[in-house]
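Dock chain Y against chain W, hints included.
Next come the chains, spelled out residue by residue.
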Amino acid sequence: MFESTIINSVIAVVLTVLVCFIISTLLPGIERKYIHARIQQRIGPPVTSPGIMAPIKFMFKENVEVSSPVPGLYKALPIICFLVVLCVLIALTPEAYKIPALSSLVAIVGFLKVEEICYVLMGALSKSVMSVRMPFPDNVKGGAHLNATKSFVEDISSKRSLRMITYGSFPLYLALFAPVTAARSIFLSDIVSYQQIHGPFLFTISGAIAAIVFFIGYMIILNEYPFSIIKAKSDVIEGPYMEYAAKYRAVVVVTRGFFMFVLGAIFSVLFIGIPPTIFSWGILVNILVALIFVFMMGIFSAFSPVFTNRQLLPTILGTTLLGILAIVVGLL
Amino acid sequence: MDEKVPRSNIIETEIPMGTVHPAALEPYRVRFFVEDEIVQEAEITIGVNHRGIERIMEGLPVEKANALTEKICGICSNSHIWNSCRTAEMGLGIEIPERAKYIRVLMGELERLHSHFLYLAHGCEVLSHETFSMRIFYMREIVMELLAMVGGNRVQYGCSVLGGVRPRCDLDEAKLLRIKNDMDALEEGLTGFVERFLADSILMSRITGIGVLPQKQAIELAVTGPTLRATGVARDLRTTMFEYDDFDFNVITQPDGDVKSNLIMRALESFESIKLIRQAIANIPEGKVINRDWEMFDTDITESYIEVPRGTLYHSYALESGRVRHCIIRTPSMANIGAMQYACIGDQITDAQLCIVQCDPCFTCTDRAIEIVRR
Chain W
1 MFESTIINSV
11 IAVVLTVLVC
21 FIISTLLPGI
31 ERKYIHARIQ
41 QRIGPPVTSP
51 GIMAPIKFMF
61 KENVEVSSPV
71 PGLYKALPII
81 CFLVVLCVLI
91 ALTPEAYKIP
101 ALSSLVAIVG
111 FLKVEEICYV
121 LMGALSKSVM
131 SVRMPFPDNV
141 KGGAHLNATK
151 SFVEDISSKR
161 SLRMITYGSF
171 PLYLALFAPV
181 TAARSIFLSD
191 IVSYQQIHGP
201 FLFTISGAIA
211 AIVFFIGYMI
221 ILNEYPFSII
231 KAKSDVIEGP
241 YMEYAAKYRA
251 VVVVTRGFFM
261 FVLGAIFSVL
271 FIGIPPTIFS
281 WGILVNILVA
291 LIFVFMMGIF
301 SAFSPVFTNR
311 QLLPTILGTT
321 LLGILAIVVG
331 LL
Chain Y
1 MDEKVPRSNI
11 IETEIPMGTV
21 HPAALEPYRV
31 RFFVEDEIVQ
41 EAEITIGVNH
51 RGIERIMEGL
61 PVEKANALTE
71 KICGICSNSH
81 IWNSCRTAEM
91 GLGIEIPERA
101 KYIRVLMGEL
111 ERLHSHFLYL
121 AHGCEVLSHE
131 TFSMRIFYMR
141 EIVMELLAMV
151 GGNRVQYGCS
161 VLGGVRPRCD
171 LDEAKLLRIK
181 NDMDALEEGL
191 TGFVERFLAD
201 SILMSRITGI
211 GVLPQKQAIE
221 LAVTGPTLRA
231 TGVARDLRTT
241 MFEYDDFDFN
251 VITQPDGDVK
261 SNLIMRALES
271 FESIKLIRQA
281 IANIPEGKVI
291 NRDWEMFDTD
301 ITESYIEVPR
311 GTLYHSYALE
321 SGRVRHCIIR
331 TPSMANIGAM
341 QYACIGDQIT
351 DAQLCIVQCD
361 PCFTCTDRAI
371 EIVRR
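Note that the protein sequences, when read in sequence, are chains W and Y.
As numbered in our numbering, residues 1 to 332 make up the first sequence, in order.
As numbered in our numbering, residues 1 to 375 make up the second sequence, in order.
The shape of chain W in the complex, shown without the other chains:
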């Protein structure tokens, strides 16, 4: 009996993850085809292209040797990111609620932090040709500061990622803990049960404020415009992802779509009380939430220039204060 329960749970989790993963591959295409392209009055790519066809194409490309001091670790980081996102989704499924250490907000936050740390390491370990020094001193026109230490554009990206860990992603984590004020528990099972009895947390004052904060945090952690300072085209270009090609690039692309879906699923669990599971129609709510977030993000990013520190700091400060307000209102 016990064994069959475990097997059933494993099958349920695997099927849920598979369905979620397949749907997540469409999200980048939906963002680019139906939002960015429509706003910009162009045809845009086929909807399957950015999330499905591009990774398949990358898988069959010849890899290039990365320019990194620790190539093994550098190449492993996208896979770690993917596994982290996978773990978050597994933690959100009802079957995982039997393992309290996994299905708690502390675990979710921990996983997300690992994801963020990966960006720091990616940036620090990438030394691309984009800022390599000439094979001779740059003194062709009486160049200044010939002995200055050379830095790579990815180094800036790494420093910015570190900054985002320290304060950039703060709004998201505040929003994650807002439902705790209502459920009085950090365990997902309790948060879901509370909402099934009292209705979605989203429809409270605290929940509504926290949802706004969550959305901004969602865009920040996805490095989407206008918060994409770690991969701004105007200076650091692709930033941490610069050196990834072929199958590693495929993993990066797939992880992004998957992360979009999983963040939507986190919102569904914490703010609506519907966990992702293939055995419930509630998964349609998860999909709908993921789509709504993608649509909103697409619209915001299409009308925003990339922020510099000058705009980023006040925005994050304001959002953080809003997150604190949500928690205070929730506690009252």
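Calculated from the structure, these hints are not laboratory results.
What you are looking at is a predicted structure, and each value in this text was computed from that prediction instead of being measured.
Check each hint, because a few of them may be wrong.
Said to hold, decoys possible - Derived EDC-like pairs (lysine to aspartate or glutamate); straight-line CA-CA distance at most 20 Å: (1) Lys-180(Y) with Asp-246(Y); (2) Lys-275(Y) with Asp-184(Y); (3) Lys-175(Y) with Asp-36(Y); (4) Lys-4(Y) with Glu-286(Y); (5) Lys-150(W) with Glu-43(Y); (6) Lys-150(W) with Glu-35(Y); (7) Lys-275(Y) with Glu-145(Y); (8) Lys-75(W) with Glu-116(W); (9) Lys-159(W) with Glu-43(Y); (10) Lys-288(Y) with Asp-172(Y); (11) Lys-4(Y) with Asp-256(Y); (12) Lys-288(Y) with Glu-243(Y); (13) Lys-159(W) with Glu-116(W); (14) Lys-159(W) with Glu-220(Y); (15) Lys-150(W) with Asp-36(Y).
Chain Y only, in chain W's frame:
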């Protein structure tokens, strides 16, 4: 406005960018010396796209040399062939028919429009505002189609020739009507864009006070064109060009010399160009478009300066037996490189490419200058 002083002591960190970078339309290398992401000094190096066009021009028949100058630039190709023909016409004393002058002005202003639209679109692209960038590119398409209608091509029009313009570039009633209608559509589109652009508070916070080039430094660095006018100096060579004698237009200036001033400067100049094109359409005289009644003789070095979309363009050469000698071409970006380096100082590295782009660089055209240092 305080003067920005480049740091003279040892800088800790250098961030080289280029020669290939997505924020740059052309190959150039820039070394940023930064401290905590603030640019302390910038150094631009060009030279990777040197084609030696002046050297190729040496000894060519002047007609062929003129046609070759059009290949210097993909954006202001018409300006180069116009100024090159103008140089020979000044040397040989060739009279230009009035109708040809109007067509040259019309082509020059259409080219200014497409150059300024490219500038605005590129500026928005560097700001990572793709939606605005796309919107401008759609408007630019109208201008490109008009240029193709008059010149037969979208980039190399071959409009000006010695003595006037090519007969195939003459404008009939249908073409004039189309240009007139398209100018109406363009004005409406541009007005809408400018209103939307200026009302965007996020964009304004990204461009206001960024890449400031004070007027004093602009004059010291011999900056030309809209980049100079964006610092408040009302200097436009079109006011002295005989081709523009019959035209009424305002010299637009902006006060601050920052990215915002430069972007607004180009947008407002585009309205003036639309005004000039309308005047050209309304007042274009009847008659021939080319004067073939001239004789070739040897001339001394003749110099010609004209105002092109990026600033002052200089062409000079002598003629010997109908062939070009001692050719020198100086594009506006040559003078503006100093401004680009200066504008970066004190701003965040995310804004550095924007500071360069605000001076409207065209390094591929500039890659012909040889600096002669007298010792």
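Agreement of Lys-75(W) and Glu-116(W) with the hint, judged by alpha carbon distance not exceeding 20 Å: holds, 16 Å
Distance restraint between Lys-159(W) and Glu-116(W), which requires alpha-carbon spacing of 20 Å or less: Judged against 20 Å, a Cα distance of about 12 Å means the pair holds.
Agreement of Lys-4(Y) and Asp-256(Y) with the hint, judged by alpha carbon distance not exceeding 20 Å: holds, 14 Å
Restraint check for Lys-288(Y) with Glu-243(Y), where alpha carbons must lie at most 20 Å apart: Status holds; Cα separation ~16 Å.
Restraint check for Lys-275(Y) with Glu-145(Y), where alpha carbons must lie at most 20 Å apart: Distance of about 19 Å is within 20 Å: holds.
Restraint check for Lys-175(Y) with Asp-36(Y), where alpha carbons must lie at most 20 Å apart: violated, 56 Å
Restraint check for Lys-150(W) with Glu-43(Y), where alpha carbons must lie at most 20 Å apart: holds, 14 Å
Restraint status (C-alpha distance of Lys-4(Y) to Glu-286(Y) at most 20 Å): violated, 54 Å
Agreement of Lys-150(W) and Glu-35(Y) with the hint, judged by alpha carbon distance not exceeding 20 Å: holds, 12 Å
Given pair status - Asp-246(Y), Lys-180(Y), alpha carbons within 20 Å: Roughly 19 Å between the alpha carbons, so the hint for Lys-180(Y) and Asp-246(Y) holds.
Agreement of Lys-150(W) and Asp-36(Y) with the hint, judged by alpha carbon distance not exceeding 20 Å: holds, 14 Å
Straight-line alpha-carbon gap Lys-275(Y) to Asp-184(Y), limit 20 Å: holds, 10 Å
Comparing the model with each earlier hint shows violations of hints 3, 4, 9, 14; every other hint is respected.
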